[in-house]
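**Student:** Chains A, B, C and D supply the protein sequences, listed in that same order. The opening residue of the first sequence carries number 4 in the working numbering; numbering runs sequentially from there. The opening residue of the second sequence carries number 4 in the working numbering; numbering runs sequentially from there. The opening residue of the third sequence carries number 4 in the working numbering; numbering runs sequentially from there. The opening residue of the fourth sequence carries number 4 in the working numbering; numbering runs sequentially from there.
Keep in mind that the hints were calculated from the coordinates and are not lab data. Check before you lean on any hint, since a few could be wrong.
Where chains are identical, the list cannot tell them apart; a pair therefore holds if satisfied intra-copy or between any two copies.
Capping the alpha-carbon separation at 25 Å, the derived lysine to any residue pairs in SDA-like fashion look like this [said to hold, decoys possible]:
{"no.": "1", "residue 1": "K137", "residue 2": "A220"}
{"no.": "2", "residue 1": "K137", "residue 2": "N219"}
{"no.": "3", "residue 1": "K101", "residue 2": "A143"}
{"no.": "4", "residue 1": "K91", "residue 2": "M63"}
{"no.": "5", "residue 1": "K146", "residue 2": "P72"}
{"no.": "6", "residue 1": "K137", "residue 2": "R269"}
{"no.": "7", "residue 1": "K195", "residue 2": "H209"}
{"no.": "8", "residue 1": "K57", "residue 2": "R172"}
{"no.": "9", "residue 1": "K290", "residue 2": "I135"}
{"no.": "10", "residue 1": "K195", "residue 2": "K283"}
{"no.": "11", "residue 1": "K195", "residue 2": "Q104"}
{"no.": "12", "residue 1": "K146", "residue 2": "R83"}
{"no.": "13", "residue 1": "K95", "residue 2": "E36"}
{"no.": "14", "residue 1": "K95", "residue 2": "L306"}
{"no.": "15", "residue 1": "K283", "residue 2": "A143"}
{"no.": "16", "residue 1": "K32", "residue 2": "A287"}
{"no.": "17", "residue 1": "K95", "residue 2": "A56"}
{"no.": "18", "residue 1": "K283", "residue 2": "R269"}
{"no.": "19", "residue 1": "K57", "residue 2": "D205"}
{"no.": "20", "residue 1": "K141", "residue 2": "A168"}
{"no.": "21", "residue 1": "K53", "residue 2": "T206"}
{"no.": "22", "residue 1": "K137", "residue 2": "P77"}
{"no.": "23", "residue 1": "K101", "residue 2": "I228"}
{"no.": "24", "residue 1": "K290", "residue 2": "R114"}
{"no.": "25", "residue 1": "K53", "residue 2": "R83"}
{"no.": "26", "residue 1": "K141", "residue 2": "Y130"}
{"no.": "27", "residue 1": "K95", "residue 2": "E39"}
{"no.": "28", "residue 1": "K251", "residue 2": "T273"}
Number of protein chains: 4
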Amino acid sequence: MGCFQVRTDLALEARESITEADSTLRGVKLEEEYDEEEDIRVTTVEITTKNGAKAMGKPMGTYITIEAPGMLEPDEGYHREISEVIAKQLVKIIPGIKEEQEILVVGLGNREVTADALGPHVVDNLYITRHIVKEFGKAAYNKEKINIISSIEPGVMGKTGMEAAEIIRGVVEQTTPRVMIVIDALAARSTKRLNRTIQITDTGIHPGSGVGNNRNALTEESMGIPVIAIGVPTVVDAGTIVVDALEKMVHDEGETERHRYVDDCRNALTELHNMYVASKDIDAVIKRVSYTVSEGINIALELA
Amino acid sequence: MGCFQVRTDLALEARESITEADSTLRGVKLEEEYDEEEDIRVTTVEITTKNGAKAMGKPMGTYITIEAPGMLEPDEGYHREISEVIAKQLVKIIPGIKEEQEILVVGLGNREVTADALGPHVVDNLYITRHIVKEFGKAAYNKEKINIISSIEPGVMGKTGMEAAEIIRGVVEQTTPRVMIVIDALAARSTKRLNRTIQITDTGIHPGSGVGNNRNALTEESMGIPVIAIGVPTVVDAGTIVVDALEKMVHDEGETERHRYVDDCRNALTELHNMYVASKDIDAVIKRVSYTVSEGINIALELA
Amino acid sequence: MGCFQVRTDLALEARESITEADSTLRGVKLEEEYDEEEDIRVTTVEITTKNGAKAMGKPMGTYITIEAPGMLEPDEGYHREISEVIAKQLVKIIPGIKEEQEILVVGLGNREVTADALGPHVVDNLYITRHIVKEFGKAAYNKEKINIISSIEPGVMGKTGMEAAEIIRGVVEQTTPRVMIVIDALAARSTKRLNRTIQITDTGIHPGSGVGNNRNALTEESMGIPVIAIGVPTVVDAGTIVVDALEKMVHDEGETERHRYVDDCRNALTELHNMYVASKDIDAVIKRVSYTVSEGINIALELA
Amino acid sequence: MGCFQVRTDLALEARESITEADSTLRGVKLEEEYDEEEDIRVTTVEITTKNGAKAMGKPMGTYITIEAPGMLEPDEGYHREISEVIAKQLVKIIPGIKEEQEILVVGLGNREVTADALGPHVVDNLYITRHIVKEFGKAAYNKEKINIISSIEPGVMGKTGMEAAEIIRGVVEQTTPRVMIVIDALAARSTKRLNRTIQITDTGIHPGSGVGNNRNALTEESMGIPVIAIGVPTVVDAGTIVVDALEKMVHDEGETERHRYVDDCRNALTELHNMYVASKDIDAVIKRVSYTVSEGINIALELA
């Protein structure tokens, strides 16, 4: 029941909203590790069949979710322990990472909207090597193996007049990386997930993700190379929050109740169209989390 | 009824939440002008008695609200027509503006949180004269009358370790302006008000206003000079939105219903503590509105 | 004489450094207009032959230089009169501007180095239409003719690992504009030119221009579409300034003098390698000049 | 000889420009340590008499100069080894640091001019405690001793209309810290010093320091509390560079030569008035160096 299809970018939340019955259905594997000392939980959801994909409302593929409540608290630094978990999971999911790789890292989002600035901030802190290797060769680094890293911040459509996907496709064709890593701010269903959850998936990014305007898909299909997406939920859709609250009040009520609920719900969604919910210390959160993620990438690429 | 005292920074909204009975009560005057061509409505609420202040939950004084839906649409500029309305109202409310004045303009808020960056952006665009007049005298300007303008962006407590009020009081004592104008982002009760409403008041700023952390009061009483506050609602408290939605569903229900409502309401408020709702194009809005407000100030001070 | 080939991005300065003898040579046409009231001088240098190009050390093509000392002074705005001169010259030089055009505007340079941030700031203020026309058609604008404008800020190689030219070529292939306008900060030979001169040319941008790192060429040849470059000199190469000063002291001196000069000159150039000279109020200048240029473009494209 | 009094903010450079004869004069003590492994040199100049002050053109007091060429190279971080040297020297020079201290850290300079943004960037990365201790008491930190740290970025006079000193004096009177630490970008005489030298002094800041506009003094005399200044030379005055080059060419020449030199020199200074020389990668340098300095402060205050 409900007056709309609740939207979440997190496979973990999609998974939870599935009833027992469904959850036993073939095609959705769930695996969990928990590091008690650091209080970090890693959940891997694998969607292996079309039915699974339909039930979850997410494309087939692997979704790794790192839950790290510590990320909410400032430590005297940036939570290197979390960066190391991110790195470990990236090494698992990035194809061919064992050999030398050419990787384009894409920072999606709007630098000028704090809650949507995760992607741009992450690329700010990456260790970029492509231009050095192109000019001086690998000799420039005293390492046996050096990954060739480039990055782009495509900006927002309102400012460029172009879809992020158009810009990125052009860059991919010109510079022919073998793999793409895309970072974006996500929308969660519950505020309980905000700024403490990191999702890593090999399914890329699909329109409507993130805070910003709709974007074309960034997937292996559309880009011609594997696309690993790293997302952190920084906002909740404002409509979702209201609808969730309303639903809690409507249980076994009768017809009238039901109708009134649906009306109220629809009104709420209209009024809250294009509104999002974020936490008041979002600036500090983004600064810290983006650094944690970029260090995770640097470690995975053996550049930190 | 309701599980909490709904908070709004807008006198206009406080006014609306008063029932007929109250509204006839002495001590709250209401006046309205409407410019049909520009679709700009100016409402002046005057609270003249302690009873009025109590009923409104706002200190005694004058509250001018400019409603300009046009502010939501980008025009090919910054809506000069709205700046002129702002200027006209400022000239009414700034004491001694007819003579030459020494005015300190304070930009409250957090430059790094888009929805809270109104104050800092407004002071960026002000026409500052104090240092020129101090160094070269008024001769530097070929004008009969020149207002002496200075500005300060006190920043946020998390970064300075100080209350904005502490910094401002120090600046006032050192530079002895005659009047203070304070700009801040406000919290509205309804998203219908966001980014299209400007409130001008001679009562200053009171703790808990704006998006940021609590601040000490900025009032004539605490600063020793008249304090004119200009506010634009850019966010709604996330709890408010949920509670409003819940209340719509609870009318003449019985005890159980009532109890469940209050519980749900309290839970919502706990979960949404320190969360705010903003619109997705907040960056463009802040850029445009802040320029409209700063031009309004420049015009009022005869510096544009 | 001199220990190095002095570098300037301004055709006007190259022209001046040519002796009488050369200047009469075929292949370099010079034309001048002067608006006395506004004190704006427009000089058009046309290089029409290979000899001319060799003598000038600049590719064949048209170079329009607008000298507007007024740009150095803040007025209560952004010098619209200069924007209108820029627009008039752009209309002359942009091919096919009379019909509807699809134009990509490129903001070169480094947003984080004030003196190199002209390009990024100019694109910030452009009126972008491509995404609107693509989504809603031209009907979205109540105009007979609407130019389709997109923009890109490629960023600096140290951050992206890619040449600006690689990124831009990719964007051009994906979005197929008909014309490109490139904005960049230039290096002048003399501080007398800084922040008061605007150069418009149909020859594009060549490696080594601007403050930033070397860039591949952005020309019709490399991009496949006409490339109009708009440049404003914001810096002088530090070596140039010293060498110029030294040269003034060395006239008809003898051998020893000459030798010593050449040594001193070489030392200066080594010490000042990768150093530039800028004015202390460069932040205010860039803010004002970038707005003047972007308004000039908006006017030329009939979007202001 | 020379057509002007060369200006440098570095005591070390002032010291060098003193001839043997002077250097033996009483009142200027020199002490040097060199860490060969890290290639970090620490020179301490103590000016103990008025004569010494006159000869050096600097007020009496202690000037510690840390020369760390490594600071020019990006490492995979921010050069913690240099931060530790800074911390060690700060602990020596900050009065009463052994006990619990209340310290105000001031970030001078202009955030919007890259070469002048050192101060603002340093305060961005400080660990601020004052507001926490005021609200929750020292219990909030599980430490025996907690320094009470606040910070302010006064901004530039062109934007505030006030001297930095006016703002800071006001803040000091309101919040009564016991010690002030001021961070500012300095002007060196030679480009060889840029971005690799850190000066720490107990004499505060004197008008004309840094890149920005003249500022009133920030000294114990003017502020009523000890003022420790930390400076990093990020620019060289453009005039200085030219004059130095000219002087190299003028040795034992005759009258005419001398006169011509003085004229050329004066012209150079006029043309280069308000111009500065900076390195092209100043953005990366400021980002890295400011972090190194702020970590040095955090370590000294036992907050890192």
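**Student:** Now tell me, hint by hint, if it's right for this structure.
**Tutor:** Results of checking the hints against the structure:
Within a single copy, K137 and A220 get their C-alpha atoms only as close as 30 Å, which misses the 25 Å cut-off; across copies the closest is 17 Å, which meets it. Proximity of K137 to N219 under the C-alpha cut-off of 25 Å is restricted to the inter-copy arrangement: shortest distance 14 Å between copies versus 31 Å within a copy. Within a single copy, K101 and A143 get their C-alpha atoms as close as 21 Å, which meets the 25 Å cut-off; across copies the closest is 45 Å, which misses it. Within a single copy, K91 and M63 get their C-alpha atoms as close as 22 Å, which meets the 25 Å cut-off; across copies the closest is 56 Å, which misses it.
Taking the closest pair of Cα atoms, K146 and P72 come within 25 Å of each other only across two copies (24 Å); inside a single copy the shortest separation is 36 Å, beyond that limit. Within a single copy, K137 and R269 get their C-alpha atoms no closer than 56 Å, and across copies no closer than 30 Å, so neither meets the 25 Å cut-off. In this assembly of identical chains, K195 and H209 lie within 25 Å of each other by CA distance solely inside one copy; the values are 23 Å within and 31 Å between copies. In this assembly of identical chains, the alpha carbons of K57 and R172 never lie at most 25 Å apart, being 28 Å within a copy and 39 Å across copies at closest.
For the homomeric pair K290 and I135, the shortest alpha-carbon distance between copies (20 Å) is at most 25 Å, but the shortest distance inside one copy (27 Å) is not. In this assembly of identical chains, the alpha carbons of K195 and K283 lie at most 25 Å apart whether taken from the same copy (14 Å) or from different copies (21 Å). Taking CA atoms no more than 25 Å apart as the test, K195 paired with Q104 passes in neither setting, with 37 Å inside one copy and 39 Å between copies. Taking identical chains as interchangeable, the C-alpha atoms of K146 and R83 lie at most 25 Å apart whether they share a chain (23 Å) or sit on different chains (23 Å).
Only within a single protomer do K95 and E36 lie at most 25 Å apart by alpha-carbon distance; the minimum there is 15 Å, versus 49 Å between protomers. Taking identical chains as interchangeable, the C-alpha atoms of K95 and L306 lie at most 25 Å apart only when both belong to the same chain, with a minimum of 17 Å there against 37 Å between chains. Taking the shortest Cα distances, K283 and A143 sit within 25 Å of each other only across copies (21 Å), while inside one copy they are farther apart (44 Å). Proximity of K32 to A287 under the C-alpha cut-off of 25 Å is found in neither arrangement, the shortest distances being 36 Å within a copy and 43 Å between copies.
Taking the closest pair of Cα atoms, K95 and A56 come within 25 Å of each other only inside a single copy of the chain (22 Å); across copies the shortest separation is 57 Å, beyond that limit. Proximity of K283 and R269 under a CA criterion of 25 Å is satisfied inter-copy only: 20 Å between copies versus 27 Å inside one chain copy. In this assembly of identical chains, K57 and D205 lie within 25 Å of each other by CA distance solely inside one copy; the values are 18 Å within and 55 Å between copies. With identical chains, the CA atoms of K141 and A168 are at most 25 Å apart between copies only, with a shortest distance of 23 Å across copies and 30 Å within one.
Taking the shortest alpha-carbon separations for K53 and T206, only the intra-copy value of 14 Å comes in at or below 25 Å, while the best inter-copy value is 55 Å. In this homomeric assembly, K137 and P77 come within 25 Å of each other (Cα to Cα) only across copies, at 19 Å, whereas the closest approach inside a single copy is 38 Å. Taking CA atoms no more than 25 Å apart as the test, K101 paired with I228 passes inside one copy only; the shortest distance there is 17 Å, against 42 Å between copies. In this assembly of identical chains, K290 and R114 lie within 25 Å of each other by CA distance both inside one copy and across copies; the values are 12 Å within and 14 Å between.
In the homo-oligomer, the alpha carbons of K53 and R83 never lie at most 25 Å apart, since the shortest distance is 38 Å inside one protomer and 52 Å across protomers. In this assembly of identical chains, K141 and Y130 lie within 25 Å of each other by CA distance solely inside one copy; the values are 15 Å within and 39 Å between copies. Only within a single protomer do K95 and E39 lie at most 25 Å apart by alpha-carbon distance; the minimum there is 22 Å, versus 43 Å between protomers. Taking identical chains as interchangeable, the C-alpha atoms of K251 and T273 lie at most 25 Å apart whether they share a chain (20 Å) or sit on different chains (15 Å).
Going through the hint list in order, the structure does not satisfy hints 6, 8, 11, 16, 25.
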